[in-house]
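Colleague: The chain contents come next:
Protein chains: 2
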Amino acid sequence: MELALKEAYRGIARGDGGPFGAVVVRGSEVIASGHNEVLKTNDPTRHAEMCAITRASKKMSSPHFSGCVIYSTTEPCVMCFAAINWAQIQQVFFGTTVRDVKRLGFNELVISNRRLNTLGGGSVALVAGFMRHECQELLDAWGRMPSHETY
Amino acid sequence: MELALKEAYRGIARGDGGPFGAVVVRGSEVIASGHNEVLKTNDPTRHAEMCAITRASKKMSSPHFSGCVIYSTTEPCVMCFAAINWAQIQQVFFGTTVRDVKRLGFNELVISNRRLNTLGGGSVALVAGFMRHECQELLDAWGRMPSHETY
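So the protein sequences, as listed, match chains Y and R.
Using the working numbering, read the first sequence as starting at 20 and increasing by one per residue.
Using the working numbering, read the second sequence as starting at 20 and increasing by one per residue.
Do not take every clue at face value.
To be verified - The list that follows gives simulated cross-link-like pairs (lysine to aspartate or glutamate, EDC-like), each with its CA atoms no further than 20 Å apart:
#: 1; chain 1: Y; residue 1: 59; chain 2: Y; residue 2: 35
#: 2; chain 1: R; residue 1: 78; chain 2: Y; residue 2: 153
#: 3; chain 1: Y; residue 1: 25; chain 2: Y; residue 2: 127
#: 4; chain 1: Y; residue 1: 59; chain 2: Y; residue 2: 168
#: 5; chain 1: R; residue 1: 77; chain 2: Y; residue 2: 35
#: 6; chain 1: Y; residue 1: 77; chain 2: Y; residue 2: 56
#: 7; chain 1: Y; residue 1: 78; chain 2: R; residue 2: 35
#: 8; chain 1: Y; residue 1: 77; chain 2: R; residue 2: 48
#: 9; chain 1: Y; residue 1: 121; chain 2: Y; residue 2: 153
#: 10; chain 1: R; residue 1: 121; chain 2: R; residue 2: 153
#: 11; chain 1: Y; residue 1: 25; chain 2: Y; residue 2: 159
#: 12; chain 1: R; residue 1: 25; chain 2: R; residue 2: 48
#: 13; chain 1: R; residue 1: 78; chain 2: Y; residue 2: 56
#: 14; chain 1: Y; residue 1: 121; chain 2: Y; residue 2: 56
#: 15; chain 1: R; residue 1: 59; chain 2: R; residue 2: 35
#: 16; chain 1: R; residue 1: 77; chain 2: Y; residue 2: 56
#: 17; chain 1: R; residue 1: 25; chain 2: R; residue 2: 156
#: 18; chain 1: R; residue 1: 78; chain 2: R; residue 2: 48
Note that these hints are calculated values from the structure, not bench results.
Kindly generate the complete structure, drawing on both the sequences and the hints.
Modeller: Here you go:
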């Protein structure tokens with residue numbers, strides 16, 4: 020999660036997009052990391068988790084990322100959670116929640132990862148509130164910046 | 020939708036991935052098209068809609084695709100529908116449904132677009148069953164192929 024936070028801070032310093040970072044890990048190996056690049060690319064799919072998954076795919080021999088987990092500074096949005104489920108990533112560790120981010124003005128579908136698992140028949144294990152304090156500090160730091168667009 | 024079907028047939032002929040195509044349109048202009056490239060890339064995020072959105076983003080001046088609609092041969096999966104919502108695409112036209120595809124063995128979260136709109140507070144207009152017969156023929160054609168992996 021420290022690496023995910025570092026990615027996110029780097030992304031907001033560059034103006035690449037929102038305050039989000041993610042890292043795909045297998046055992047003790049960091050497979051790939053990413054931060055939100057939506058502003059940089061004008062591509063609404065370029066969330067931190069999606070960037071990390073796309074980068075990780077270059078090291079994989081199948082679209083199923085067996086044995087991998089992902090660390091996300093905020094609970095993955097509906098798009099990212101479904102991508103994690105497609106990738107068969109086993110577990111998500113996240114700090115702040117979809118609701119915390121909705122309050123910042125992001126225009127997202129407000130459905131928790133837990134609910135998506137239940138409704139959709141997913142089986143991704145969830146660890147909520149992981150380093151939540153540090154992840155909240157990241158959102159606060161972004162909120163204090165002069166420009167913060169919520170795409 | 021004819022172009023989306025053509026994209027999908029091209030994709031399965033090449034072995035790029037599953038039998039899915041999508042086209043982003045604004046007014047009478049085709050902005051971008053895509054087909055499933057999950058097998059080609061080992062990237063589980065490379066669904067037809069995501070490929071089309073990523074390509075479309077290169078022509079956009081913002082991550083919000085004002086005035087655009089999308090044609091998808093099958094109802095967008097949870098990931099793709101959330102991406103469409105992020106892009107503020109106004110309307111989705113689709114042929115076959117998430118349930119039709121689940122029956123083929125794809126490992127997806129089974130939640131309809133209608134339900135995602137209702138639960139998550141989305142506002143994407145839906146036109147289901149658009150050229151459904153032709154879209155079902157595409158799934159049938161893929162089902163008859165000797166190899167059809169369901170990533």
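Colleague: Each hint: holds or not?
Modeller: Hint by hint, here is what the structure shows:
1. Only pairs whose Cα atoms come within 20 Å are accepted, and residue 59/Y paired with residue 35/Y is accepted, the gap being roughly 5 Å.
2. Proximity of residue 78/R to residue 153/Y is assessed by CA-CA distance (about 37 Å); at most 20 Å being required, the pair is judged violated.
3. Taking the CA atoms of residue 25/Y and residue 127/Y, the gap is near 24 Å; set against the 20 Å cutoff, the hint is violated.
4. With a C-alpha separation of about 12 Å, the suggested pair residue 59/Y and residue 168/Y falls inside the 20 Å cut-off, and the hint holds.
5. A hinted pair counts as satisfied when its Cα atoms are at most 20 Å apart, and residue 77/R with residue 35/Y qualifies at roughly 15 Å.
6. In summary, the hint linking residue 77/Y to residue 56/Y is supported, as the alpha carbons are separated by about 19 Å, within the 20 Å threshold.
7. Taken as a hint, the residue 78/Y and residue 35/R pair is honoured in the structure, with Cα atoms around 18 Å apart against an allowance of 20 Å.
8. At most 20 Å may separate the alpha-carbon atoms for a hinted pair to count; residue 77/Y and residue 48/R exceed this at roughly 33 Å.
9. Taken as a hint, the residue 121/Y and residue 153/Y pair is honoured in the structure, with Cα atoms around 18 Å apart against an allowance of 20 Å.
10. A distance of roughly 18 Å separates the Cα atoms of residue 121/R and residue 153/R; the hinted pair therefore holds under the 20 Å criterion.
11. In summary, the hint linking residue 25/Y to residue 159/Y is supported, as the alpha carbons are separated by about 15 Å, within the 20 Å threshold.
12. Simply put, residue 25/R and residue 48/R have alpha-carbon atoms about 17 Å apart, close enough for the 20 Å limit, and the pair holds.
13. With a C-alpha separation of about 16 Å, the suggested pair residue 78/R and residue 56/Y falls inside the 20 Å cut-off, and the hint holds.
14. Between residue 121/Y and residue 56/Y the alpha-carbon distance is near 18 Å, which keeps this suggested pair within the 20 Å criterion.
15. Of the supplied pair hints, the one linking residue 59/R and residue 35/R holds, its CA atoms being roughly 5 Å apart against a limit of 20 Å.
16. At roughly 13 Å between alpha-carbon atoms, residue 77/R and residue 56/Y fall within 20 Å of each other, so this suggested pair holds.
17. Distance check on the hinted pair: residue 25/R and residue 156/R sit about 12 Å apart at the alpha-carbon level, within 20 Å; holds.
18. Between the alpha carbons of residue 78/R and residue 48/R the distance comes to roughly 12 Å, so the proposed pair stays at or under 20 Å and holds.
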